[in-house]
Every structure is written in C-alpha cells, then in structure tokens.
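Numbering (my numbering), first residue to last: 1 to 190.
Among the hints, erroneous ones may be present.
[Claimed, not checked] Derived CB-CB ranges, DEER-like:
(1) H94 to C180: 15 to 23 Å
(2) S146 to C180: 16 to 24 Å
(3) G29 to D76: 21 to 29 Å
Treat the hints as calculated values from the structure; they're not laboratory data.
Every residue gets a Cβ at the ideal spot worked out from N, C-alpha and C, and that includes glycine.
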Amino acid sequence: MTEPVFRYHPDPLATGSAVRVQHECSVCGQLRQIRYRGPIYGRQPESLCLHCIYSGEASRALGVVAADTEGSDILDMPAEFSDAVDVPDDVPHHVIEEITRRTPGFTGWQQESWLYHCGDGAAFLGPAGYRDVETHPDALNMLRASHRQLGWSPEETEEFLHRLDRNGEPTAYLFQCLHCGTHLASWDIG
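Sequences are here, hints too, so could you generate the full structure?
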C-alpha cells in the first residue's frame, strides 16, 4: 500500500517525523511500514501510522474528553500533531484543522510553530542548519527580522545564524509557500 502524501508536510521520512520500520498501528491495527514519531497532543499510542493521521482517525481516536474550567460542560478535544500559534487571520479554519489534525507534526527544542504564507499553510521541509538556509535568502531574512524584533544587534544575529545546526541547537525549521515559492524559516533553541 502506498503511503499518503501530505500537502503541508510532503516528506515526513526526510524531515525525521517518521521512520521506516514495520509496526502494528495502535489506531487501525494494520501492519505498516512507516511509523510516525513526531509530537501528539492527546493520548499517546504505542505506535501510529501515517494513514491514520491522513484520514483524521488518529486525531479522533487519540483525543481526550475534559470538563471546562467551570465543570459544567464536557469538551471533546481531538488530538493534534502541531499547535496553531500565531496563525494569520486570512488562513481558513479548514487549513488550520488539516495542519493540526491531519498532518504529521515535527519535533523542536521547545515549541514548534507552523508557518503560513499567502493565506495558506506553508509546506514543512525540515530542520535546517546555516548551510541549509543560506541558499534561501528569503528564509535567512525572516530569521534576521525575528532577531531584530527581539532587539539583537546585527553582529549577535549573524553569529547566532552561523551556529544553526540541523541536528543540534540552535536549529532552524525551513518551510516553503505553496503558492509563491517563498522560503520561510523559524528557529528554536533548547
């Protein structure tokens, strides 16, 4: 059986969000060849396949039921694979739902943040070091702008950017707009 193709995370094997290993999925019970290994905000299965993420079955099956803060209402909360943080107002709700509930997430040092562009989610290309982002000036400039907002000097920023490490820290996370092709990046440190 062919693996599902995710619009917003085209290669979960290459990004490290999935591994090639034979396993029995805890949700569907099927013997699968690729196992998800990214974050799950919900109940934690022993093993999860990409098919169940793609169909939305994993989000439903791994969701939790909780009482609201006043204890008067019961909330059915589907599991999510990434948080919806700082989503621009022009991004439709169905896009946010597809990214958070039916797309493999990715693991970061602290808090992963999906990026958006042109009124849509961007495609996650993977963790990146300096050599990976330096070939994408638009992504590099986005990282510089985030440091300017934090009050970093240009010298501190450049020193930090040159320390970016795909497998260590700090790490950049590279995305690409599905509409205009712009490369985007965020960063994280432990």
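Consistency of the hints with the structure:
Range check, H94 to C180: Cβ separation about 21 Å, and the 15 to 23 Å hint holds. Here the CB-CB span from S146 to C180 is close to 20 Å, well matched to the stated 16 to 24 Å. For G29 and D76, the Cβ-Cβ distance of about 23 Å falls inside the hinted range of 21 to 29 Å, so the restraint holds.
Of the numbered hints given earlier, the model fails none.
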